[in-house]
Amino acid sequence: MSDVPMSDVRLSDAPTSDTGTPLLRPVARPRPPSAFSNALVFGWRAVLKFRHVPEQLFDLVMTPIMFTLLFTFVFGGALAGSPGDYLQVFIPGILVQTVVFNAVYSGMGLSTDLGKGLFDRFRSLPIWPLAPFAGLMVGDILRHLIAGGIILGIGLALGYRPEAGVVGVVAAFLLLLVIGFGVGWIFLVLGLLLKTPTAVMTIGFAFLFPINFASNIMVDPATMPDWLQAFVDVNPVSFMTTAMRGLMAGTATVGEVALALAAPVLLTLVLAPVTLVLYRRR
Amino acid sequence: MDAPDLAGRPPAVADSVPLAVRARGLVKSFGTMRAVDGIDLDVPRGVIFAILGPNGAGKTTLMRMLATLSRPDAGTATVMGHDLVTDAHAVRGEIAMTGQFASLDEDLTGRENLLLLARLWGFRGRAAGARADELLAAFDLSDAASKQVKDYSGGMRRRLDIAASLVVTPGLLFLDEPTTGLDPKARQDVWRMIRALAASGVTILLTTQYLDEADQLAARIVVIDHGRKIAEGTSRELKAAVGSGFLHVALADPARLDAAATLLAARLGAVVQRSPEGARLSVMAGSPQAATEALAALIAAGIELSDFSMASPSLDEVFFALTGGGDAAPAQEVRP
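Protein sequences, first through last, are from chains A and B. Counting from 1, position 165 in the first sequence corresponds to residue 170 in our numbering; the numbering is continuous, with no gaps. Counting from 1, position 108 in the second sequence corresponds to residue 188 in our numbering; the numbering is continuous, with no gaps.
To be clear, the hints were calculated from the coordinates, so they are not data collected in a lab. Please note that a few of the clues may not be correct.
What the hints assert, rightly or not - Derived DEER-like restraints, expressed as beta-carbon distance ranges:
| # | chain 1 | residue 1 | chain 2 | residue 2 | range |
| --- | --- | --- | --- | --- | --- |
| 1 | A | I70 | B | S226 | 37 to 45 Å |
| 2 | A | L198 | B | M113 | 19 to 27 Å |
| 3 | A | I216 | B | K230 | 44 to 52 Å |
| 4 | A | K200 | B | I379 | 57 to 65 Å |
The C-beta atom is built at its ideal place from N, Cα and C for all residues, glycine as well.
Construct all of the structure, not just a fragment, from the sequences and the given hints.
Here it is, written out as structure tokens:
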């Protein structure tokens, strides 16, 4: 706000009427909002995106439906004897895979915003500097819940039965959100480093495909060559999948859940500060 | 509308009000390139102040530093009385910046873009909507309020982008090349908005590559090139340094070029620039009268002209005149 007294500003001469030309009142700054309120505003923006970019929503809805149906009916018989038996091991795994893949959206969104100069405006505002990232996280959580809900719904309709019931499913979804949160940092860093959203997607997928397929999500690792088994055994995605299966079946041990949490926690501890430094440096 | 936070503030006293911008020795390098190479700047409050320079002169880099978007490598500055580096948050509370490219969310509607910013500034509920609608009306965008920004024309985007900077009336508004890429009508609209804002008391710091834009709008102009300040003054002062215009002549007989150049240099007391491809000469003329006299002298000397014109100095010519040659100078020249 200026200390100089202001008069009304006449900015447009187009829609003049008897009531007069629209005038832009000079307006002073309201009471500064809290960091939490800033974050909520960016969360609201993430929700608006769902409404305005239906192709992304389509992608978000169709991909898990397609993967779940194709794997269950095309490979299920060969891999587990019958599609019904395959569902019991596959549903928790495809949940992990979907969340890990969906984390790429935030990075792409960030790269788009940076390319358009939108973040310059955000950075020149007197707001909590991390609020835009919190907004991206809100978008992520919504995406994970939508995709996860769809997969679970299809699974249940086809005969999947989580033995641990509602409690097990809720626990598994909480783990899922932690996984999504942890993996999300990888793509935020890529989004800050790479110039175009396409580059974020290409590099992201080049890394996501092997790490998801070379895991215990789709196939029993016992059938794989030894060297690959050695990788699958230490692949964080395998730990996540094992814990998800355990939580939904009611057999999870503390150790399994701890192993599943290790990668997301480590990623957050290392990449959150990196994200902040990269963001400030720009 | 929420209650403004002005209640406890003492009224401003004119002579205790600090400059809008006071910068000393600002430096910013990218690799080995010094994009801004030691610039001092004093921008008084309540004026339109232009930073004029060609592409790559360092205008945008300088502005981004002053808008807290990038940190100076050296030098100090206060913006609206707050230290740029140690008190960036306070600076951000009093400035707004409209970048060279519309910094809008293309997927959202015009109104949603403004709502987003209004809420970030702290307007709640209906107050945010009311402010968004006010801005849309003032910038003649009410009809496009619920259209996605990706369907906006260039001029509409620019207007929305400026509106987005005025959600809270800033003390200091940065406009980075506000009319680059706009058609003449949209350009006039933006100029009118800038003048109206300045009249309401907002200090405006704009960059431009157009001499006429700086001339039309700014009370004071700084000319920069290669990251350095090469001139500063009012439009009138700069023009006096450059002369009111340039005289361009084309000769019927290219063989007389040397004779004509010598004569013009002597008559007008200025450096004559020779176009490499044809029999054309350009020279700064102090006034139309001086130019007319020089033309008469050419004719008197029997040098026949195929064409002549008098034009306002282009930016190149301003640089040529201000730097006394240097990089803007053509290959050949004749000095008086």
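Here's how the hints hold up against the structure:
1. A:I70 - B:S226: 37 to 45 Å: Given a distance of about 32 Å, which is not inside 37 to 45 Å, the answer is violated.
2. A:L198 - B:M113: 19 to 27 Å: With a Cβ separation near 21 Å, A:L198 and B:M113 satisfy 19 to 27 Å, so the hint holds.
3. A:I216 - B:K230: 44 to 52 Å: violated (34 Å)
4. A:K200 - B:I379: 57 to 65 Å: holds (59 Å)
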